[in-house]
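**Q** So the sequences go chain by chain: U and Y.
If you count the first sequence from 1, you need to add 370 to reach my numbering.
If you count the second sequence from 1, you need to add 146 to reach my numbering.
A few of these clues could be false.
Here are the simulated DSS-like cross-link-like pairs (lysine-lysine), alpha carbons at most 30 Å apart as the crow flies [stated by the list, open to error]:
(1) Y/253 - U/444
(2) U/523 - U/436
(3) U/447 - U/387
(4) U/444 - U/523
(5) U/523 - U/387
(6) U/447 - U/436
(7) U/429 - Y/253
(8) U/523 - Y/248
(9) Y/253 - U/436
(10) Y/253 - U/447
A few chain Y positions that, by computed beta-carbon distances, are all more than 10 Å from chain U [claimed, not checked]:
(11) 162
(12) 163
(13) 189
(14) 254
(15) 284
(16) 300
(17) 309
(18) 312
Partial list, derived from the structure: chain U residues whose beta carbon lies under 7 Å from chain Y [stated by the list, open to error]:
(19) 482
(20) 508
(21) 509
(22) 517
By construction, these hints were calculated from the structure, which means they are not laboratory data.
Just so it is clear, the structure is predicted and the values come from calculations on it, not from any experiment.
Using N, Cα and C, we set each Cβ at its ideal position, and we do this for glycine too.
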Amino acid sequence: MSIEDDFDDEVTDVFRKTYGKVVGYLVNTGTDRGLAEEIANDAFWAARQHWAHVRTLDKPEAYIFKIAIRERGKRQKAHEARAEHLDPDMPDQPGRDPGGGDPAGRLADRDALIQALQQLPLRLRAVIALRDVEDLSVETTAEILGISPGTVKSQTSEGRQRLRPYLAEFRRRQPGRSDR
Amino acid sequence: MITNEERTSDLAAFGGGGLNDDEMEQRVSRFRDGLRRLREDPAEAARVAAIAADADDTGATMTLPGATTVHVTGSGITLNLAKESDTTLAALQEQMYERARKEDWQKANDRLEQERMRLAALLQDAEDRPRPRGIWRLVPSFAAVLVAILAGASLVALPHATTLAATIATITLAATAAVTALTAQFMTWTSVRELNRFAPDRALALLHGTSLNPAPGKHTTPQHRERIEPAHRGADITDQDAVQDRLS
């Protein structure tokens, strides 16, 4: 087995653990699901091309997140313009699954979650999406967003505080759910 | 009740991109297919590799056909090679050296440019300070003429003057000569001022010459020096000559 095959296996392991988080983060912060998966794939392929370097980092997943977030910034506007051009009567909805894989109820829940997150300022939305939705550590979140762990903690606390009324409304509409 | 210290179950339910195991396996399979495709398509591999450029500042990486990865950190170069011909390797090394050279070159020039701007600001500030100007420059000449007149008059008058008058004339002459000498000393200031007037140009010319003269043999090739030096060093020489002309 060559070093290239070893690298492929290592990247695939990280892919299994992190791909869903990257896609989830992008979708929950307002990116169309199809675009989010496209960006996440490119981010992992790009990381593979640089794997000799990336594998030496403390948090390879943070590196991949950073690639994906930056790439989202580049592609989002072009993607929205293209979608509007193709079907001007149906604007691209964040989180919409083009393949229809999500059950309708789950999709509605996710849309509600996204709407709740949209009420937060961008910095708080990013922190909450990484910390509370994708369950990343304070350190990894800080690495991805390029801020200090202390800032992550304070912004997480502030974001939870601000989300509280929206989540209460969210739970009120779904009586089967319970608070932790 | 939600507390600020714990992750909410509502939010956690939407983590992981909402993919079940089967969906995840599909993505993994597609990812592996993509890896194989990248090995066979150098153009696509280069496009994808470029996506990660500048993701952090710790190094730079290049990928050649065959999915060979080359990583550069700072001035050190690490090569991870699977199979490359000598020709490809030589071309690769040349590209990596070129990149490292450009980065070092750019950083050094940036630092010198900052220093040049700082120095220019300091010199400009010094230049703007008020100093003696105008008629002040004529004082030594006027005093010298006065001393000469007084000395001549004294020589003519002293043989016929009383002791008291001779003493007064001598003291006056000595005082005038002393004042003349002092004002001549002050004129050194005006000389410094003249130098300062040209100093910024000279300092900038010297700095410019330093910044654009690479250390011989370090990250440079004869071709590189040929490319850089005629354009910039020629300009330095011209600037320095102009400064010399102004100073002389």
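**Q** May I ask which of the numbered hints given earlier this structure violates, with the numbers listed in increasing order?
**A** 8, 10, 11, 12, 19, 20, 21 and 22
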